[in-house]
Each structure stands twice: as C-alpha cells, then as structure tokens.
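Chemist: Residue numbers (our numbering), protein chains in the order written: chain A, 127 to 419; chain B, 822 to 1141.
Derived from the structure by calculation, the hints contain no laboratory data. All clues stand as given, with none of them false.
For lysine-lysine, the following DSS-like pairs were computed, each having C-alpha atoms within a straight-line distance of at most 30 Å: (1) B:K902 - B:K888; (2) A:K236 - B:K838; (3) A:K236 - B:K842; (4) B:K1069 - B:K1134; (5) B:K888 - A:K260; (6) B:K851 - B:K838; (7) A:K236 - B:K1069; (8) A:K260 - B:K902; (9) B:K999 - B:K1069.
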Amino acid sequence: MAMKRTKGDIVFDTINIFIMLILIVITIYPLLHVVFASVSDANLLQRHRGLLLHPYGFDLSAFKSVFDNPMISIGYMNTIVYLVVGTAINVILTTFGAYALSRRNLLLGKYIMFGIVFTMLFSGGMIPTYLLVKDLGLINSRWALMIPNAMSAWNLVIMRTSFRAVSPSLEESAKIDGANDFTILFRIFIPLSLPVLSVMILFYGVGHWNSWFSAMLYIRNRDLYPLQLVLREILLISTSDMTTTAAAGDNKANIGETIKYATIVAATVPILCVYPFLQKYFVKGVMVGAIKE
Amino acid sequence: MAAVFVKKGGKNNRFTKGLMKNIFIRDIVKNKYIYIMLVPVGAYYVIFHYMPMYGAQIAFRNYAPLKGIWGSQWVGLQYFKEFFSSYYFTRLLRNTLLINFYDILFGFPAPVIMAILINELRGTTFRRMVQTITYLPHFISLVVVCGLLTDFLAHGGVINNIAALFGGSTSSILLEPKAFRAVYVGSEIWQSMGWNSIIYLSALMGIPSELYEAARMDGAGRLREIWSITLPGILPTVVIMLIMRVGKIMTVGAEKIILLYNPSTYETADVISSFVYRKGILEAGYSYSTAVGLFNSIISFVLVYTVNRISNKLTDSGLW
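Excised from the complex, chain B in its bound form:
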C-alpha cells in the first residue's frame, strides 16, 4: 500500500531504495505465513517453468550436454534456418494446421449442437442419462482410447469389418495415411463432445424461460425457438470458445499423435510436437528440436495473445 507513495528514480533514489527494502522486510515480518506459502509455489514456477524458458536458448547454441548451456557454442539462427529449409517444415506445418482445421470444422460445432439437443430433451431422467454417458469417454485414458482405436481399426477389427462391408480395404486403417486425420478428429469428437457441451449447457441455463413462453404464445415451433432464442442466447459463449479454439491452431498435443501414428502415416500424422519428441528425445538432437519447439511456442503465443485481444474487443471477455 505504502509503495504507492514511493516515486521512482530522481534525487531520492537511495532514499527510496532504502524505503522499498524497509517496506519489503516489514511486509515479510508481518505476513510471514503468506510468504511461507508462497515460497514453494514461486520456487516451482521459477524452476519448472522459467528455467526451461531460459534453457530454450540452446535453440541458438550447439548444445553439448557435457558443456552445459553456457559452454555450448553460439550458432545463432542455424537450427531455425535448417528447419525452415528442410522438407519437414512444410509437412509439419501442413499437418498441424490441417488437423486443427478439421477439428474446428467438425469437432467444434459438435458439442454446441449436442448441448442444444440435450437442452431440448423433456424427460429429466433421460437427459441425465444422456449426459452421464456422453461425459464418460472424457475420463477414459488416452492410452486406452488409442488402444481401442488400434484394435477396432486393425485388420479384422470392428470398424475395419464394417468398412469392408461398404467396399473399404481390409488392411489396417491406421496404416493408411489418408485416413489419419479422420481417425484423429473422429476419436477426438467421440471422446470430448459430451464433456465440451457442458459449458454450452451452462450458458443455455442462463436463457430466461419467459422468452420461450413468449415465443410459444406467438406460435413458434421448436426449430424456430432454437433459431431465434437458443442460438442467440449461447452465441457469445460460442464466439469466445471459437476464438480461443482458433488461437490454438498451431498446437496439436504430442500424446495422441505418438500413440496413433507409425512410420507409414508420418506423411499426414506427424505434427510439430511429435516431431520435437522424435528428434529431441529419441534422437537426442536437443538444439534442433528445441528450435522447432521454440518456433511453435512463439507462434502459438502470438496467436493466443492476438486472439484474446480480439475476443476482449468483440465480446468483452477473454482469457484475461
């Protein structure tokens, strides 16, 4: 509080410095328990979040584990140039963007539609049941989901057999580069559609029921109600969610990709994060993969930041 009265710089520099120190010490003494609580949290963030940011400078160095970060030779943008001019650059960028694009195109509207339909269900018991069941896959581990997918899509698997009925090939679908994005996005929808609908359902709760009653009086049918009341009612939420989703267009988590892809589908499946894992962890190309990861982090950060500003302007709400 007192810090408000402290002016920065000027003649009284030494004096203010002493004062600041004084305030700080007094505050520590007065609120020692607060600081005791804050120290482990601060230490955690400094060590496990800011140290890696600092460590990311190995993207500009030829990192040798024995020499450490500072001992490794500075090479400037060499690894970035190497990446940008490599064959991988366009492939990874294309795959990352396309998986996100399809996920936005199909995966984004799914929970919105689902929330609207759940909201229209009249029987409470049935409604509960639908919700309980469709939220469930969210809690099944990714390893199990991908294990199931592998099994169902393999030669002789359930989905494979069904596809074969319609004239599809019987070889494993996961070996098919063309199918990877559909498999990825489809399973994503299966796993998270219900769960993601919660946020829209809660937005729907906020629509006053008088609106629906009035519409009924005027003879509106159910589809008309959805179109004129429900949709406008959740539109702000949808817009925020969409903006935020678009902000993540450069991000595809490595986990699911790594569980599902194989060398024969790298062409369509390999994304930046999985590439970083392969090059960095498996092949120990630390500097190069850090450069690739850093490139991705920076772009993603700029995107989220921009998108959040847009969201704040348009809808008056955003992440911060």
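Just chain A, with the same shape it has in the complex:
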C-alpha cells in the first residue's frame, strides 16, 4: 500500500503499540518474577518488597532441593507415563471413532453421532462418575487417569470433519485395489490429516500434562501422583505450614519460598520449551475447531 500515513495514523499506531507493550509486560512479568525469584538468594529475597526486576543474589540451591525432593521426580515420571499412554489412547480412539463415523453409509451413524455429541451437553455429573470409577475398581489405579477421559467428543467431531473432507475417490480406488478399512485409514486418511492429528496429539498431551483434578478425585496413593498434584501440595496446601515455620524465625522458611518458585520453573519449563515451536499448530487447531460442518 502506497498510502501515506496520516497524523491520525501515527497517533493511533503509537497508542496501540503502547497498549500492546503494557499487555506484554502484564503477561510476562509474573513468569519473569518466578524465574528471578527461583535463582535469588533466599534471605535477600525475603527482605525485598514489591516488583522483582532482576534476581537478588544468585543461588541455585533451591533447584537442588527441588530435584532432591523424591515427590518431584515421582510426579515427573508419573506424568510422563500418563501423558504418553494417555495421549496414545486418546488419539487412537479419536481416530477410530472419527473414521467410523465419517462413513456416510454407517448404519445408524446419525444416532451414534447424536449420542456422542449429547455427552458434551449433558453429563451424569461428578459424583456418579466418581462412584462408577470406584465400582470399576479404578481408584488408586493409573488407569483412572487415562480411561475415564479416553477421548473428547469435541476432538472427535473435529477429526471427523477433517476425514470427511478427504476426497472419496481416493478411498474408492483403494477399495478397488482390495484395501480394507484399516489400510485406508492408516495409508490415506491419517497421512492426509496430519495437521489435525498433530493438533490432537498436542491438545491431549497438554491436557495430560496440566491435569490434576481427576488425580485428586481418584488417586490416594502418593506414589501415583502426577506432577501437578505434587505441585498443588507444594504451592497451595503447604502455604500455612510455611508461614508457621516463618513465624518461628527459621531460615529454612526463606528457602522454602525460593523452592516454591524453583518448583514452578521445573514444572513449567517443558511446556515453555515446546510452546514456541508448536504455537502455529495450536493456532491451527483452534481454527479447525471453529469450522462447522
């Protein structure tokens, strides 16, 4: 555009950029605060008030305590198991369901689809689900975190939409060549829907990484705790204990504060590391979800 920027344009752009900068600061500051605090010297940090614009002192001992804490490593390992196995179950079931329901000649397909979509709008509720999981003997079982949420209806709908967009002629010619439905799914549909599939994997994966509520409902055995539940204990439940030790004037309470920050860093860094590379997929995923068939 060869149009000249008017005075009004310049004013507008300046204000706009200014607003955006403020937004960026508000978004990023809490995260920076955590990073700075986690590497600060505990005692110096304790005396500091207000915004933290750089680390106070430099001390990595909080990280050492974090990695020495057996619950953190247990949580990490468990979360990785839940994430890998859980996401695999999610993706396999979603793909199977989406493929089957994308068949236009599926007997009663419309009713099955309705039955699935209906679960997005109405559910039996937390307690009946809890009792069911209990009756199935899944309390204190790793499966309780991977089976009751084995797939999301929303993702199934998205995947199905994407499968329906695959040209039927491809499938017909494959059928003439004698391919069965599994072959067609894995050789034609999945390769053609890779963007959507990767979005699914990411959404399910992030969901497992961040999930804690079902673990709180179904898991009592601390050896099976996912990372987020361990985090909750450290960050939210122990608050009162921490303050009481602080009142006792114990120096350890100060380091307790930096340990909290170091724990947050340790638990969030994996997501933050992958995030920039995957961002465009995430965005694509939202777009895909926005398309209504």
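Assemble chain B onto chain A, guided by the hints.
Modeler: Same frame as chain A, but now just chain B:
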C-alpha cells in the same frame, strides 16, 4: 441404505424385523473393520458417559454404597427439596451466576478488543511477538496459575504490596471475600484473553482488504475503519460466541475454585460444582450432592439448548 425401504410396524412386522436383522448382519460382515473401530469408542461412551447418567438416579434414592443403586431406598425429591430450602441454594446460585456475569462483562469483550488491536498492528514481527506472548498463559497449568496468584496475593506478595501502596490492606487478598470474584475473573482474563482472541483474529482475516482501501479513499481514519468495517465484520462471530457464553452461565468449573477458595471466602467463592465436590467427595454425601449436580446439569442443558436454537435462528449458525 436399504433401510429406507423398510416400513415400520404394520402387518409385516415380523418380516421387517427379520429383514432389519439381516441388513444389520450383512453390514457387520461387510464392514467388519468399521465395527472393530467403533466398538471401543461406543463402549467408552456407554460406560463412562451413559452409565453415570444412569447412575445419577441416586439423586432420588438414599444411596448406600453397599446396597448399590437398585438396592438403595427410593426417596423421590427429598434431596432436591433439602437443597432448595437450604441456605446454600441461594448462595451457590448467586455465586455461580455472579462469577459468570462478571466474566461475561469483563472477560468476554477483552479478547475481542485484543483481536482488533492486534489486527491493527502494522509490523509483522511485533505482531507475532504479541501473539506468541499473549497465547502463552493458556498453556500454563491451572495449579501453577493459582499457585502464583496465591503467592502474589499473600501478605508480602507482589500484588499485595502494590495494593498496599494505594492504601489497601496488607492481609492476604485471598482471605478477602469481597475480592474473590475480581481475582477469579482477572486471572481468567490474564490466562485466556490472548488465546480466545484467535477465533476473532481468524474472523478478521476474512474481511476483504478492499473495504479498508475504499474507506481510506473516502478519508476514513483508523477508528472510523474499526467502527464501520472491522466491528461489523466480526459481529456475527462475536454474537455466536456471546450467545454460547451466555449458555454456560450456570457453569463454573470446580477446579479453579477449589484451588483458590478457602473457608473464609466460601461466602462469595463457593459455586455449585465446588459444593458438589465438597459434599460428595469429601463428605461422602453422595445422593445429596448428586441431586445438586443433577439440578445444575439439567439447567445448563436447557440453557445451552435454548441458546443454540436462538443462535441458529439469529445467525444461522450454532453448535449443531
């Protein structure tokens, strides 16, 4: 396909029944792999979604775990009446509605405005940067977000200190019932404003650039462009999103509430779902809490259904 020709009922009932069975078996044989794929999915939905719906009938029974659903005594609407006449009913309803109301009032326009402003940014690099950074909080776990909030709002925390500069009290803000809704909605905006703007940004992409060029020719300023082109351009999306959001006005997820509230803020913070969790899971009042949850599910369902019909009528698009 052949099922189209099958008439229901009538003289040929036995015949049609046999025919249907025949069609079904033939279909299974022909498409066995489809059925192999469908079985686990169907089983999952039946077991983990429809069984709990069936199990929700304990809301009408005095459920005793040892007796099971059927063995437990039928008590009709007793638990519903108990809930409606209890002190909790109005409190939970008020809290649920108010949190949603504030979230709609402040949290809903935020991503719309943000999308418009991002769309107006000229430099691509800066624009990318803004997007990357503001989408980020969406991926931070709720536990971490609430942990941060607790820390920042606590006595001696960052926000607390800043509030104290302006004459606020220095005691933990999370112990303050008056502040809870602001904390909840504010953090909600912090976490999801950027992410929620994506859908509006994609709607903005669809506005033809000729419109802007023509407006420029006519001497329109940027604000005028936003008002006359951008806003009308995303209005349909905004309307759908708003309608859908209003449909969820009876729903506040338990997770964040449970992470943030404490007995001193129950008065303003306790919502239906967190109450169900406390009564049901922690206090094992299964039937009562199921009744409360069922009440909420039914209202929510009716709301979403109604709202979707409205949306279909007004904008020709909805969830289904």
